[in-house]
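Quick mapping for you: the protein sequence lines, in order, are chains U and L. Throughout the first sequence, residue numbering follows this note's numbering, covering 14 to 129 in sequence. Throughout the second sequence, residue numbering follows this note's numbering, covering 2 to 116 in sequence.
Read the hints as simulated data drawn from the structure, not as lab findings. All C-beta atoms, glycine included, are put in the ideal place defined by N, C-alpha and C. Treat the hints with caution; some may be incorrect.
[Said to hold, decoys possible] Between beta-carbon pairs, the in silico distance windows are: (1) SER10/L <-> SER44/U: 30 to 38 Å; (2) GLY17/L <-> THR73/U: 47 to 55 Å; (3) GLN27/U <-> SER60/L: 37 to 45 Å; (4) THR73/U <-> SER10/L: 31 to 39 Å; (5) GLN43/U <-> ILE13/L: 41 to 49 Å; (6) GLU59/L <-> LEU97/U: 33 to 41 Å; (7) GLY17/L <-> PHE25/U: 40 to 48 Å; (8) GLN43/U <-> SER60/L: 20 to 28 Å; (9) GLY75/U <-> GLU55/L: 40 to 48 Å; (10) PRO86/L <-> ALA94/U: 38 to 46 Å; (11) GLN82/U <-> ARG11/L: 39 to 47 Å.
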Amino acid sequence: AQKITQTQPGMFVQEKEAVTLDCTYDTSDQSYGLFWYKQPSSGEMIFLIYQGSYDEQNATEGRYSLNFQKARKSANLVISASQLGDSAMYFCAMREGPGGYQKVTFGTGTKLQVIP
Amino acid sequence: SAVISQKPSRDICQRGTSLTIQCQVDSQVTMMFWYRQQPGQSLTLIATANQGSEATYESGFVIDKFPISRPNLTFSTLTVSNMSPEDSSIYLCSVLRLETRSTQYFGPGTRLTVL
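Put together the whole structure using the sequences plus the hints.
Spelled out as structure tokens, the structure:
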């Protein structure tokens, strides 16, 4: 079974509009973390936002917010007021595992294109 | 955050040769990982680099093909051995500090093309 599922291979959004990128996850761990990364065409992986499984509040970082619904095992990324520079691949990822044996698994990604 | 550098940033290599990629972190980190990203694909974990001991490899990756060293808490190398065109990928070093809000950071990547 897939650990991280991103069902949207590609998305379009109008500049200045908000967009939601979907992510669902599967784990039996009680303690885990969820990440979103942005990968522009240059190839670098840019950390955007993190949500811990015990965090009661949804994480926010500037224009990025993570809509964490634990019971549904979803961790959608919301980008508000989209900008042309937001066009990139976006990856959802999950950290799980005990103590010093943690590792992070990535979804297949969503390609976001912002339209002027 | 952590500042991570990788060398080389890119290389073009001949089939059958080997390439060693270096990863340097600006501060001590608990865990270091190596990922591969094949063209148009997501990231796949190759192995966890363990300080002073053998790396822990994921299914489908073996030490003979991808030997890894980690002599200290801030440095690691990944060697891609006996390369073939199928090894053409971006190879990324990543670090994770085991803290309350563990965040994983990535190096800039090494873009490898095998002819």
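Status of the hints after comparison with the structure:
no. : hint                            : result
1   : SER10/L <-> SER44/U: 30 to 38 Å : 36 Å, holds
2   : GLY17/L <-> THR73/U: 47 to 55 Å : 50 Å, holds
3   : GLN27/U <-> SER60/L: 37 to 45 Å : 42 Å, holds
4   : THR73/U <-> SER10/L: 31 to 39 Å : 33 Å, holds
5   : GLN43/U <-> ILE13/L: 41 to 49 Å : 46 Å, holds
6   : GLU59/L <-> LEU97/U: 33 to 41 Å : 37 Å, holds
7   : GLY17/L <-> PHE25/U: 40 to 48 Å : 44 Å, holds
8   : GLN43/U <-> SER60/L: 20 to 28 Å : 25 Å, holds
9   : GLY75/U <-> GLU55/L: 40 to 48 Å : 41 Å, holds
10  : PRO86/L <-> ALA94/U: 38 to 46 Å : 43 Å, holds
11  : GLN82/U <-> ARG11/L: 39 to 47 Å : 40 Å, holds
Hint compliance for this structure: no hint is broken.
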